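Visitor: Each chain, letter by letter, is given below.
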Amino acid sequence: MAAIEMKNIVKEYEDGFQAVNDVTLDIADGEFMILVGPSGCGKSTLLRMIVGLEDITGGDMVIGGKRVNDEAPRDRNLAMVFQNYALYPHLSVFENIAFPLRLAKRPEQEVQERVRAAADVLELHEHLGRKPAKLSGGQRQRVAMGRAIVREVEAFLFDEPLSNLDAKLRGQMRTEISRLQRRLGTTTVYVTHDQTEAMTLGDRVCVLRKGVIQQVASPRELYEQPVNLFVAGFIGSPPMNFLPATPEGGALRTPFGTIALDERRAAAVAGHDLLLVGIRPEAFEDASLVEESRRPAGSVFRAHVDVTEWLGDSQYAYIPYEAPERVTTALRELSRELDAEEVRTQAIVSIDASSRIREGREAELWLDTRKAHVFDPTTGANLTRDAEAGAELTRTAAEDRAEHLRAAREHRSAPEAPTAGASA
Amino acid sequence: MRTKRRSRALSLVGALLVIAYATLPVLWIVSLSFKGGDDINNRRFWPTSLSLENYRIVLSSDLFLTALRNSVGIAAIATTISVVLATLAAYAVARLQFPGKKLLLGTALAITVFPIIAIATPLFNLWRTVGLYDTWLGLIIPYLSFSIPLSVYVLSAFFREIPWEMEQAAQVDGATSWQAFRKVIVPLAAPGVFTAAILTFFAIWNDFIFGITLTSSEAARPVPAALAFFSGASQFSQPTAPIAAASVLVTIPVVVLVLLFQQKIVAGLTNGAVKG
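In the order they appear, the protein sequences are chains A and B. Counting along the first sequence from 1, when you hit position 213 you're at 213 in this note's numbering, and nothing is skipped either side. Counting along the second sequence from 1, when you hit position 124 you're at 1124 in this note's numbering, and nothing is skipped either side.
Treat the hints as calculated values from the structure; they're not laboratory data. Be a bit skeptical, because a hint or two may be false.
[Claimed, not checked] Cross-link-like lysine-lysine pairs, in silico, DSSO-like; alpha carbons within 27 Å at most:
#: 1; chain 1: A; residue 1: 7; chain 2: A; residue 2: 66
#: 2; chain 1: A; residue 1: 134; chain 2: B; residue 2: 1183
#: 3; chain 1: A; residue 1: 168; chain 2: A; residue 2: 105
#: 4; chain 1: A; residue 1: 105; chain 2: B; residue 2: 1183
#: 5; chain 1: A; residue 1: 131; chain 2: B; residue 2: 1183
[Claimed, not checked] To list a few chain B residues with every Cβ distance to chain A over 10 Å, as calculated:
#: 6; residue: 1019
#: 7; residue: 1021
#: 8; residue: 1040
#: 9; residue: 1063
#: 10; residue: 1080
#: 11; residue: 1098
#: 12; residue: 1114
#: 13; residue: 1134
#: 14; residue: 1141
#: 15; residue: 1166
#: 16; residue: 1168
#: 17; residue: 1171
#: 18; residue: 1175
#: 19; residue: 1184
#: 20; residue: 1213
[As the list claims (entries may be wrong)] Where chain B lies over chain A, by a calculated footprint (3+ residues, C-beta under 8 Å):
#: 21; segment: 100-109
#: 22; segment: 119-128
Because the structure is a prediction, the values reported are computed rather than measured. Ideal placement from N, C-alpha and C gives every residue a C-beta, glycine not left out.
Just chain A, same shape as in the assembly (with noise of 0.2 Å):
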């Protein structure tokens, strides 16, 4: 186990494609890192020049210590899981998970031992005499997993590994590479486009556009203090909703009516004539299910709904909003980026599964002002940003990871452990 630290990490090909610009990341030992972004933001090849199988133009590649820019994959001792998990179809599920251990001429007692340990925490066993086009899709994913854990790694790499899974597979083998990596405490670099990945797998998230980071932080600080209007929109589903606003005075004037700022946030906006407001859906709430004292944080407005979907638990609301040529232009323009649906000038907001709002009427609405973040259209730079709680929120994040790792690290050492552990 080791951390990784890249310095000025740069990617060209030859064509002059810059798919990673000046990248500089430090993962910690025993840390959990995704790397999010649209398609082409250059976060597969990021992971690929860490593993040694993309060459680096520029920079430095660390692990553990060492720079390791010349090193051929296998002497960077690291495993990868790849998204077609790519298992030796020649060779049965033991000989799969085998086969570092014999390309690394392991004595036949150690392989045995070592590929059963994998075989049990993955619950393989049965599965071991059988060929690879035998076994269905989490198996097979299983399988790949196996054979990144049988030896002891610096690092663990995953490329998009859950991408070729049905939605209910999919999310029951996230929790299994959750409670994989916790219990053994390897640092663990993950590449995924799912937001939903993003947030509940990582320690920290380092969202990428373009081959340039936009944020490095934990998934609650870029929810809730996102740098940007790229990072704003990208994490969250349903997305962030973003509304054309002019400043007026201590306050911003928007289609659902006018947003009180409190002076941190009125100082920060002075000064522009045209603003983006962006408001979480759950920010919103049908007003006549609002609290009273909840109240005065918010302001309320009316508005015609759109459509409205219930889920059960939830219920969304869609309401439209008219929005300057500039403002529709810069969304267009998010959207495109996001590999997202044409944006229409539509609020998502999220209301009580009991409220009676109704499609097609004008419906009383309350927001959370608190919540609202102010952008600047042109920059995307997200002007009221709090630094300081989201470097809080990512602090907290990190405590409670490190308490995490050692109680991990603990048991493993235990003697006699680590087996009773794997079905506790």
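Got chain A; can you put chain B on it based on the hints?
Guide: Relative to chain A, chain B alone:
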């Protein structure tokens, strides 16, 4: 319903025609080989009585047996060398980008369609000068020059089908490039390698032009060429029936080979390697 039945009947008739077209000459040769003595003049398709006389003549003939030894030896050596070299070359063609790759593949394809007869005479003169005339090596070299390009072509298509992740996974697992090739790629490409080997073997086994022009004695003459020198039981009888028997005998190894490797040739070994 009716048109369906009619089209079914039509395709059946078509199939029968094709089968008859392909098997009649073979059956005719087999039938001839069992006609003893003057039975070949019996004006009927089948022999009057089954006779093994021709086979006895063929198998006791030195001419045929040495030719058979030459054929087996030359074909085996040339096929082995050709497949090994072609596998390595095809892997390079499929995986590496190098200048002149298109030209190389184009040349390979051009060679496979090159008329063999055009180089037979020059080769005859050249081989006589350098002393390769009427030797095994003198036949193996031209066979290689024609079979390697074809094999490279067949195999590189096969290698391209194998997902690159296979090798990359092997490399991350700790394999050198050579180990990844030997332990992962070659086993996966086995159906292609067998296909190439069998195609090569057949081409060499059946070759007549080089066999007849580049040999003059029993030292290297292969079966197809030797058959032309075959004489009957006595010099007064036509050797047609013994030649038929010899032809049947040289066809047997080919049939056996195909039956043996039939399952190996079946592709689809990569099933389950990637998502499915």
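Visitor: The structure should be examined with respect to each hint, and the outcome stated for every one.
Guide: Now the hints, each set against the structure:
The straight-line distance between the Cα atoms of residue 7 of chain A and residue 66 of chain A is roughly 13 Å, inside the 27 Å bound, and the hint therefore holds. For the hint pairing residue 134 of chain A with residue 1183 of chain B, the CA-to-CA distance comes to about 21 Å; that is within 27 Å, so the pair holds. Restraint check for residue 168 of chain A and residue 105 of chain A: the C-alpha separation of about 39 Å exceeds 27 Å, so the hint is violated. Only pairs whose Cα atoms come within 27 Å are accepted, and residue 105 of chain A paired with residue 1183 of chain B is accepted, the gap being roughly 14 Å.
For the hint pairing residue 131 of chain A with residue 1183 of chain B, the CA-to-CA distance comes to about 16 Å; that is within 27 Å, so the pair holds. The non-interface label for residue 1019 of chain B is consistent with chain A: the shortest C-beta to C-beta separation is roughly 34 Å, beyond 10 Å. With a minimum CB-CB distance of about 39 Å to chain A, residue 1021 of chain B clears the 10 Å threshold, and the non-interface call stands. Against the 10 Å criterion, residue 1040 of chain B stays outside the reach of chain A, whose nearest CB is about 52 Å from its own CB.
With a cut of 10 Å on Cβ distances, residue 1063 of chain B stays outside the contact zone with chain A, its closest approach being about 45 Å. With a cut of 10 Å on Cβ distances, residue 1080 of chain B stays outside the contact zone with chain A, its closest approach being about 22 Å. No beta-carbon of chain A is positioned within 10 Å of the beta-carbon of residue 1098 of chain B; the least distance is around 14 Å. Look at residue 1114 of chain B: its CB is around 36 Å from the nearest CB on chain A, clear of 10 Å, so calling it non-interface holds up.
The beta carbon of residue 1134 of chain B sits about 44 Å from the closest Cβ of chain A, which is more than 10 Å, so the claim that it is off the interface holds. Residue-level check passed: residue 1141 of chain B sits 34 Å from the nearest beta carbon of chain A, beyond 10 Å. Listed as a non-interface residue, residue 1166 of chain B fails to keep its Cβ farther than 10 Å from every Cβ of chain A; the least gap is roughly 6 Å. Under the 10 Å C-beta cut-off, the non-interface status given to residue 1168 of chain B relative to chain A is violated; the minimum distance is some 5 Å.
Chain A draws residue 1171 of chain B into its interface by the beta-carbon criterion, the shortest separation being 4 Å against a cut-off of 10 Å. Residue placement check: residue 1175 of chain B does not keep its beta carbon more than 10 Å from all beta carbons of chain A (closest about 5 Å). Remark: the non-interface label on residue 1184 of chain B conflicts with the geometry, its nearest Cβ contact in chain A lying 6 Å away (cut-off 10 Å). Against chain A, the non-interface label of residue 1213 of chain B holds: every CB pair exceeds 10 Å, the least being about 43 Å.
Note: the segment 100-109 of chain A has 3 residues with beta-carbon separation from chain B under 8 Å; the three-residue rule is met and the coverage holds. Judged by the Cβ-Cβ criterion of 8 Å, the segment 119-128 of chain A is not covered by chain B as claimed, because only 0 of its residues qualify and three are needed.
Checked against the numbered hints given earlier, the structure breaks hints 3, 15, 16, 17, 18, 19 and 22 and satisfies all the rest.
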